[in-house]
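Trainee: Fit chain R to the known structure of chain X by using the hints.
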Amino acid sequence: DAGVTQSPTHLIKTRGQQVTLRCSPKSGHDTVSWYQQALGQGPQFIFQYYEEEERQRGNFPDRFSGHQFPNYSSELNVNALLLGDSALYLCASSSGTPNGPYNSPLHFGNGTRLTVT
Amino acid sequence: AQKITQTQPGMFVQEKEAVTLDCTYDTSDQSYGLFWYKQPSSGEMIFLIYQGSYDEQNATEGRYSLNFQKARKSANLVISASQLGDSAMYFCAMTPEDSSYKLIFGSGTRLLVRP
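Residue numbers (my numbering), protein chains in the order written: chain X, 129 to 245; chain R, 1069 to 1183.
Isolated chain R, as found in the complex:
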């Protein structure tokens, strides 16, 4: 069975600095997808970035980048130049080989950006 582990319940970062949110995963599938979602207090899950298990290059989307280390089974999210609006819950998730719709989420990390 697949599992996502996020070991940081909460993180602080100073505005304009970079921050790394940790994520490790466990799966026996050869093909899988890794995702990061942001959940502000409104409740909506906002897609940030995706990394496929066969992608050799780390994914980047604007200020977000995913540090993918397949051998270590880690998929850390790096947010550069933090903004006050980045304060939210962040969830790492993965999809198994047989379904792109069955997201398996971690427990999340609450990020607070200080002015």
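Only chain X is shown next, with the shape it has when bound in the complex:
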């Protein structure tokens, strides 16, 4: 039973470029969330996708966008990269309704480490 898989594992980009990160959820999961973890900090919620729609969003600019495909996999796109976008980007999956009380723990992938130079 494959868990959450993310690709690539590492990425180096130049300031101003665009990047796409990919995530395949754990088998049986239909909800995907993305988190940004800067060095030495806890992860911060970027947004959540359910039924191919963005359902919730954290305090991130519009440069951060995403997509969910019919097979529940997801992409995170970041445009006009800044040095401050350097971080570990974590994808998490779960199943169930997008709102309301907790019903199952989030399962995280190993992340994509993005370095912007």
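Rather than coming from a laboratory, the hints here were simulated on the basis of the structure. One should not assume that every hint holds.
Across the chosen pairs, the derived CB separations fall in these ranges [what the hints assert, rightly or not]:
#  : chain 1 : residue 1 : chain 2 : residue 2 : range
1  : X       : Arg191    : R       : Tyr1132   : 47 to 53 Å
2  : X       : Arg143    : R       : Pro1077   : 49 to 55 Å
3  : R       : Gln1070   : X       : Pro198    : 45 to 51 Å
4  : R       : Glu1129   : X       : Asn187    : 29 to 35 Å
5  : X       : Gln169    : R       : Ser1096   : 49 to 55 Å
6  : X       : Pro136    : R       : Asp1094   : 33 to 39 Å
7  : R       : Phe1080   : X       : Arg143    : 18 to 24 Å
8  : R       : Phe1080   : X       : Pro198    : 47 to 53 Å
9  : X       : Gln146    : R       : Gly1130   : 39 to 45 Å
10 : X       : Pro198    : R       : Leu1152   : 41 to 47 Å
11 : R       : Glu1083   : X       : Arg150    : 37 to 43 Å
Every value quoted in this text rests on a predicted model; they were computed, and no experiment measured them. Glycine is no exception: its CB is placed at the ideal position from the N, C-alpha and C atoms.
Mentor: Okay, now just chain R, sitting in the frame of chain X:
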């Protein structure tokens, strides 16, 4: 707005001893969830334990237990019989009333288990 505070940047514990990692939280929600995750150097966040705000009993999962004191807004993690493999970053997190997917994390505690 919700906030998680972890005041211990780093902790040491001797192998086979117990250790407590502190976590306090701030929220005005009546219903919320509290979580602990472990992050080894590989980067993956591993779910350890969950406590609901209306759960009267402290949660336990194997060697992990959550000391939940609602009035003090604390949710400390207790690891019993520490093992070398417990060396990692530990994050306390919570979910607000309106979403079980929007985890709000603390800054983490790095635990090092000494042989």
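Trainee: Next step is simple, just say for each hint if it's right about the structure.
Mentor: Here is what the structure says about each hint:
1. X/Arg191 <-> R/Tyr1132: 47 to 53 Å: Since the Cβ atoms of X/Arg191 and R/Tyr1132 sit about 38 Å apart, the hinted range of 47 to 53 Å is violated.
2. X/Arg143 <-> R/Pro1077: 49 to 55 Å: This hint is violated: roughly 30 Å between Cβ atoms.
3. R/Gln1070 <-> X/Pro198: 45 to 51 Å: The hinted range 45 to 51 Å is violated for R/Gln1070 and X/Pro198, with Cβ atoms some 33 Å apart.
4. R/Glu1129 <-> X/Asn187: 29 to 35 Å: Given about 32 Å between the Cβ atoms, the range holds.
5. X/Gln169 <-> R/Ser1096: 49 to 55 Å: Once the Cβ atoms are compared, 24 Å apart, the range 49 to 55 Å for R/Ser1096 and X/Gln169 is violated.
6. X/Pro136 <-> R/Asp1094: 33 to 39 Å: This hint holds: roughly 37 Å between Cβ atoms.
7. R/Phe1080 <-> X/Arg143: 18 to 24 Å: Check failed, 39 Å falls outside 18 to 24 Å.
8. R/Phe1080 <-> X/Pro198: 47 to 53 Å: This hint holds: roughly 49 Å between Cβ atoms.
9. X/Gln146 <-> R/Gly1130: 39 to 45 Å: This hint holds: roughly 44 Å between Cβ atoms.
10. X/Pro198 <-> R/Leu1152: 41 to 47 Å: Distance hint for X/Pro198, R/Leu1152 holds at roughly 44 Å.
11. R/Glu1083 <-> X/Arg150: 37 to 43 Å: holds (39 Å)
In summary, the structure is inconsistent with hints 1, 2, 3, 5, 7 from the numbered list given earlier, while agreeing with the others.
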